[in-house]
Amino acid sequence: MSEDNKKIPAWKSDFPIKKREAAYVSRKEFIKLITFFSGTLAFANVAIPVFNYFKKERNLGEYFIGLTTDLEVGGMRTFYIHEDHRNPYMLIRIAEDKWKVFEQKCTHLSCSVLYNHEENVIECPCHHGFFNPDDGSVIQGPPPRPLPQLIVVVKGDKIYVTDFIKETKEEHS
Amino acid sequence: MLVAIISIYILLVSIQMWLLFGTINKALDKEYLDFAAYSGIASVVIFLCTIFFLRYVPDIPTGKINKQDEDDETTY
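Residue numbers (the working numbering), protein chains in the order written: chain A, 1 to 173; chain B, 174 to 249.
Okay, chain A solo, but in the shape it has when bound (with noise of 0.2 Å):
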């Protein structure tokens, strides 16, 4: 054995890897992995309307939710919807006959949405965005889309909700 390779530990020359070799990147390989985060953006950037293209949509048909008795003028009321529990809707009441029915997830972070009668928003406490109570369209703060919106139907004292309205074009004046 070589004097160099006597000061040089066991467990080294059993992996003779150079400190170079092991930890160098080159650029073409940085940018070859931008190149990679480039390609995985552009499939995702396809893959989402092609997916939403071929969705079906859920029919709920008439859902009953309650009855007009059960909450008061500017109540607000949580339900689930099949019960499927991970998407709460809230029910509110804004005048004697006028109802909404809303997804109650902010559309920033998913946060649980409140409505409140004396300011007429609906609010979401986590980051202070603020909706719109009529249409659920965004007055203020960080969401970037209005509240998805059900249609209520009320016969005699049974509310029932039946489907998603679209969300309306913006109007630009």
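Everything labelled a hint here was simulated from the structure, so no lab data went into it.
Computed from a predicted structure; not experimentally measured.
Note that the Cβ used here is the ideal one computed from N, Cα and C, for glycine as well.
Accuracy of the hints is not assured; some may be wrong.
[Stated by the list, open to error] Reference excerpt, derived from the structure (chain B facing chain A, CB under 7 Å, subset only):
| id | residue |
| --- | --- |
| 1 | 182 |
| 2 | 192 |
| 3 | 193 |
| 4 | 196 |
| 5 | 206 |
| 6 | 212 |
| 7 | 213 |
| 8 | 216 |
| 9 | 230 |
| 10 | 232 |
[To be verified] Have a look at the derived ranges for each label pair, beta carbon to beta carbon:
| id | chain 1 | residue 1 | chain 2 | residue 2 | range |
| --- | --- | --- | --- | --- | --- |
| 11 | B | 228 | A | 40 | 20 to 26 Å |
| 12 | A | 57 | B | 183 | 38 to 44 Å |
| 13 | B | 175 | A | 60 | 55 to 61 Å |
| 14 | A | 86 | B | 229 | 46 to 52 Å |
| 15 | B | 227 | A | 140 | 44 to 50 Å |
| 16 | B | 210 | A | 118 | 42 to 48 Å |
[What the hints assert, rightly or not] Calculated lysine to aspartate or glutamate pairs in the EDC-like style (CA-CA distance at most 16 Å, straight line):
| id | chain 1 | residue 1 | chain 2 | residue 2 |
| --- | --- | --- | --- | --- |
| 17 | A | 28 | B | 232 |
| 18 | A | 100 | A | 134 |
| 19 | A | 55 | B | 204 |
| 20 | A | 32 | B | 232 |
| 21 | A | 56 | A | 163 |
| 22 | A | 158 | A | 72 |
| 23 | A | 100 | A | 72 |
| 24 | A | 100 | A | 135 |
| 25 | A | 155 | A | 62 |
| 26 | B | 203 | A | 57 |
| 27 | A | 98 | A | 134 |
| 28 | A | 100 | A | 70 |
| 29 | B | 203 | A | 163 |
| 30 | A | 105 | A | 123 |
| 31 | A | 56 | B | 204 |
| 32 | A | 155 | A | 97 |
| 33 | A | 98 | A | 72 |
| 34 | A | 158 | A | 96 |
With chain A held as given, fit chain B onto it using these hints.
Using the frame of chain A, we list chain B on its own:
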């Protein structure tokens, strides 16, 4: 030159992230499918550009720059 190419890469990927952000926020339903379609096409075109630019990036072989480092005691 290489710094300029890397800057262009980061710019292109930033545009792709912006497009994807727009798609997620606007086109989760079917109302804005036209926006989502154009966004997807733009993102694929940008990806093809990044692949095209790869040919202008020189490949420097690993570990062959400073020979004196390998003669050092702390090479391993």
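Problem - Violated hints - listed by number, lowest first - result: When the structure is compared with the hints, none of them turns out to be violated.
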